[in-house]
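Peer 1: One letter stands for each residue in the lines below.
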Amino acid sequence: MSVNELTGDVERHDVEAVNAPAKRTLYKAREPIHPKRVKGAFRRLKWQVMVATLGVYYLLPWVRWTRGPGEPDQAILVDFAGSRFYFFMIEIWPDELYYVTGLLILASLGLFLATALFGRVWCGYTCPQTVWTDLFVAVERMVEGDRNKRIKLANAPWTADKIRKKVTKHVIWLFIGMATGGAWILYFHDAPTIAREFFLGQAPFTAYFYCALLTLTTYIFAGSMREQVCTYMCPWPRIQASLTDADTLQVTYKYDRGEPRGPHKKGDSWEGRGDCVSCRACVVSCPMGIDIREGPQLECINCALCIDACDSIMDKVGRPRGLIGYDTDANIARRLKGEKLRVNFMRPRTVVYGSMLVLVASIMLFALTTRATVNLNVIRDRTPPYVTLSDGSVRNAYTVKIVNRANAERTFRLDIDGPDGLVVSASGEAFDGARRLVTAGGDAVRSVRLFVTLPASAIAGASSPISVSVTDTVTGEQAVNPTVFLAEGR
Amino acid sequence: MADKDVDAHSGVETTGHAWDGIKELNNPLPRWWLIVFYISVVWSIAYWVLMPAWPGISGYTKGLRNHSERENVAEQITALEAARADDTRRLLEAPSMQAIENDPGLHQFAMAAGASLFGDNCATCHGAGGQGFKGYPNLNDDAWLWGGGLDDIRRTIAYGRRSDHPETTNTVMLAYGRDGILSRDQISDLTHYVLDLSRQEHDDAAAERAAPLFAQQCAACHGAAGTGDRTQGAPNLTDVIWLYGGDRASIYETLWNGRAGVMPAWEGRLSDEAILALSVYVHSLGGGE
Numbered sequence: 258m259s260v261n262e263l264t265g266d267v268e269r270h271d272v273e274a275v276n277a278p279a280k281r282t283l284y285k286a287r288e289p290i291h292p293k294r295v296k297g298a299f300r301r302l303k304w305q306v307m308v309a310t311l312g313v314y315y316l317l318p319w320v321r322w323t324r325g326p327g328e329p330d331q332a333i334l335v336d337f338a339g340s341r342f343y344f345f346m347i348e349i350w351p352d353e354l355y356y357v358t359g360l361l362i363l364a365s366l367g368l369f370l371a372t373a374l375f376g377r378v379w380c381g382y383t384c385p386q387t388v389w390t391d392l393f394v395a396v397e398r399m400v401e402g403d404r405n406k407r408i409k410l411a412n413a414p415w416t417a418d419k420i421r422k423k424v425t426k427h428v429i430w431l432f433i434g435m436a437t438g439g440a441w442i443l444y445f446h447d448a449p450t451i452a453r454e455f456f457l458g459q460a461p462f463t464a465y466f467y468c469a470l471l472t473l474t475t476y477i478f479a480g481s482m483r484e485q486v487c488t489y490m491c492p493w494p495r496i497q498a499s500l501t502d503a504d505t506l507q508v509t510y511k512y513d514r515g516e517p518r519g520p521h522k523k524g525d526s527w528e529g530r531g532d533c534v535s536c537r538a539c540v541v542s543c544p545m546g547i548d549i550r551e552g553p554q555l556e557c558i559n560c561a562l563c564i565d566a567c568d569s570i571m572d573k574v575g576r577p578r579g580l581i582g583y584d585t586d587a588n589i590a591r592r593l594k595g596e597k598l599r600v601n602f603m604r605p606r607t608v609v610y611g612s613m614l615v616l617v618a619s620i621m622l623f624a625l626t627t628r629a630t631v632n633l634n635v636i637r638d639r640t641p642p643y644v645t646l647s648d649g650s651v652r653n654a655y656t657v658k659i660v661n662r663a664n665a666e667r668t669f670r671l672d673i674d675g676p677d678g679l680v681v682s683a684s685g686e687a688f689d690g691a692r693r694l695v696t697a698g699g700d701a702v703r704s705v706r707l708f709v710t711l712p713a714s715a716i717a718g719a720s721s722p723i724s725v726s727v728t729d730t731v732t733g734e735q736a737v738n739p740t741v742f743l744a745e746g747r
Numbered sequence: 004m005a006d007k008d009v010d011a012h013s014g015v016e017t018t019g020h021a022w023d024g025i026k027e028l029n030n031p032l033p034r035w036w037l038i039v040f041y042i043s044v045v046w047s048i049a050y051w052v053l054m055p056a057w058p059g060i061s062g063y064t065k066g067l068r069n070h071s072e073r074e075n076v077a078e079q080i081t082a083l084e085a086a087r088a089d090d091t092r093r094l095l096e097a098p099s100m101q102a103i104e105n106d107p108g109l110h111q112f113a114m115a116a117g118a119s120l121f122g123d124n125c126a127t128c129h130g131a132g133g134q135g136f137k138g139y140p141n142l143n144d145d146a147w148l149w150g151g152g153l154d155d156i157r158r159t160i161a162y163g164r165r166s167d168h169p170e171t172t173n174t175v176m177l178a179y180g181r182d183g184i185l186s187r188d189q190i191s192d193l194t195h196y197v198l199d200l201s202r203q204e205h206d207d208a209a210a211e212r213a214a215p216l217f218a219q220q221c222a223a224c225h226g227a228a229g230t231g232d233r234t235q236g237a238p239n240l241t242d243v244i245w246l247y248g249g250d251r252a253s254i255y256e257t258l259w260n261g262r263a264g265v266m267p268a269w270e271g272r273l274s275d276e277a278i279l280a281l282s283v284y285v286h287s288l289g290g291g292e
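Keeping their order, the protein sequence lines are chains A and B.
Just add 257 to the spot in the first sequence (first one is 1) and you have my numbering.
Just add 3 to the spot in the second sequence (first one is 1) and you have my numbering.
So that you can see chain A by itself, here it is in the shape it has in the complex (with noise of 0.2 Å):
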């Protein structure tokens, strides 16, 4: 396993990566992982990242943001007996999903750019799969200790000390699953309500229910699922292949550099060798499983954790840092053939994402600062189509639906277009002459069912068109439906 022998002043570590690719059978049994620690920029960097994104996760629900009386006062809520999305300032109704939609697609052609540019990004520093699975390891060191303490207490028999510090991990990690899955239940309900609710026994099942199954999800796909998630479950590492080019930075090692490797010993002369020492620091740090020296794979999440170990490696042997770094397989061709570098950001597909990026954001952001705050709906009845009065007038019945997207009760005056003679009368409604003035609720969607009335004499055809509209009395905002009237035909 890890007979670390001292070959100079470099740490080398007797290992195969464990998913290395000619260990790639189709049935085997997982082999555990266990990374070792390492230090430098790039972990500093992802414990930013991680500080940041679980922070948002778990802070996010708690942010208050004033919308109005009778409104809730959650920056960001899913109200799902309310039916509406609050995003901060915006408030999404079912039927404008498409902003949703919209969202998603800005999602997805940001990762296209941003793997078309640095490769698995996502992958390696915000991915929910790989920030637990950094914080349990982490919970795991902390608890167990590093890399050759764990393989040597997982090798050990079952005494006092090692069920205390294993029933303490599984401990901590359920209670950061728990913590995950109570988190996620705060953006659909008010989150100190329903905090106060869960502890008291009083919150919905559903809050139980998911609660439960975030913990249980959290717990066993970072706690031992972890890196077979990222292989066998998740279809991303599939899809970046196409994704990605010769220009696009990815953890590389730089071949080009390292070969021919092996042992060195301090004093011994660097010519005619590559610069890996074959210390496998990179493989033990790796939580993959893999070995960054057999190229580009589909294991690899790109984390840039070998690039610390390395860089550590290349110090004390005091080579210049970055023998595995970011860098292009165009890059590592113009290095053999001695040309000069550069990183190609403006290629045709980076551009495609990005104008992509750029008009579905414009799109989205006219949709949204052009948003109607009222909407008008007019269902036409169709059994009957027409109804023939006594005196041989025909009324056709609507149901008009003024939706009032503001928080404020708003006056509406209600205006039918049509042939000369119509009538308008509605169910409920005083109206007087053609002051047809309608009271819609904050937030609400009034229903008002029409009678429109056509005197035998103005019937023109089978259908003639008329349009209804909906005029704020105070803003003048309008709302126009255009529709049609229905006789027999004659």
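None of these hints come from the bench; they were simulated from the model.
Ideal placement from N, C-alpha and C gives every residue a C-beta, glycine not left out.
Hints may contain errors.
[Stated by the list, open to error] If you anchor each label on the Cβ, the simulated ranges turn out as follows:
hint	chain 1	residue 1	chain 2	residue 2	range
1	A	355	B	10	57 to 67 Å
2	A	337	B	131	26 to 36 Å
3	B	40	A	287	16 to 26 Å
4	B	204	A	676	42 to 52 Å
5	A	432	B	131	50 to 60 Å
6	B	59	A	337	37 to 47 Å
7	A	423	B	84	55 to 65 Å
8	A	739	B	173	47 to 57 Å
9	B	42	A	416	28 to 38 Å
10	A	355	B	65	48 to 58 Å
11	B	10	A	285	15 to 25 Å
Since the structure of chain A is provided, determine the placement of chain B on it from the hints.
Peer 2: Below, chain B alone, put in the same frame as chain A:
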């Protein structure tokens, strides 16, 4: 296990079965599958103990939980009725039908209940939207044989028309031709008279001949001017709405065979609050007076 047959290539024991020289490996079942299978076995035993499971000769095993979907439904219906009890009571205690329409909350309750009751009980004859068919009145228009006020509608629903209810009405239009009261020619003349009343194409001479006949035979119910009489359910013959058709052939047929449409009485079949809700609903369809 001396006769264990192990496949040389894979090192896995075979089942010993061979087909055309192909041997079946005895690979173990996937562990996750096996675990799920054992969980299912335990689950099913627990289920048999707790829930109704096995059929018997004269019943079934009830299980420790004594679960019954039928009782659950009954409980839910009771709970629903309890939740609606307040509105139902207010509906029944309303001083007048008009008071129901004037109370927005109560009106909404009556409309919701009425819409569902209408679909279950009335739509078969009057159509889903109350649009009616030949012989079944359209409830959206403004022509009412017996009146279109809230109380008129409630009475019609409660007592029916020509039904077995003691309060019902039994007026009929006579079968003038079939029963030999009038001759064919007289009925033909009367048809033209009715066409004249409703300003349709007709034979003036025939209509003129029928004028005394109308006064003698029809005016008692339909009125001297043919505008109908709601106390007898006699339709207005001067408007454009015809329950049985307003063309010459239909009017002739009506005169020959008579008409006596029926509607069942709903008092006793539907609760009083249901009849109230239905009346409000029908009144709001558009033709209410």
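Peer 1: For each hint, tell me whether it holds in the structure or not.
Peer 2: Quick rundown of the hints versus the structure:
1. Between residue 355 of chain A and residue 10 of chain B the beta carbon distance is about 58 Å. The supplied range of 57 to 67 Å therefore holds.
2. In this structure the supplied range 26 to 36 Å holds for residue 337 of chain A paired with residue 131 of chain B, their Cβ-Cβ distance being about 32 Å.
3. The supplied range of 16 to 26 Å is met by residue 40 of chain B and residue 287 of chain A, whose beta-carbon atoms lie about 21 Å from each other.
4. Checked against the given bound of 42 to 52 Å, the beta carbons of residue 204 of chain B and residue 676 of chain A, roughly 27 Å apart, lie outside it.
5. Take residue 432 of chain A and residue 131 of chain B: their Cβ atoms lie about 58 Å apart, and the range 50 to 60 Å holds.
6. In this structure the supplied range 37 to 47 Å holds for residue 59 of chain B paired with residue 337 of chain A, their Cβ-Cβ distance being about 44 Å.
7. For the pair residue 423 of chain A and residue 84 of chain B, the beta carbons lie near 57 Å from each other, so the given range of 55 to 65 Å is met.
8. The hinted range of 47 to 57 Å is satisfied by residue 739 of chain A and residue 173 of chain B, whose Cβ atoms lie roughly 51 Å apart.
9. For the hinted restraint 28 to 38 Å between residue 42 of chain B and residue 416 of chain A, the CB-CB distance of approximately 31 Å keeps it satisfied.
10. Restraint check, residue 355 of chain A to residue 65 of chain B: a C-beta distance of roughly 52 Å satisfies the suggested window 48 to 58 Å.
11. The given range of 15 to 25 Å is respected by residue 10 of chain B and residue 285 of chain A, whose C-beta atoms sit roughly 18 Å from each other.
The structure fails to meet hint 4 from the earlier list, while all remaining hints are met.
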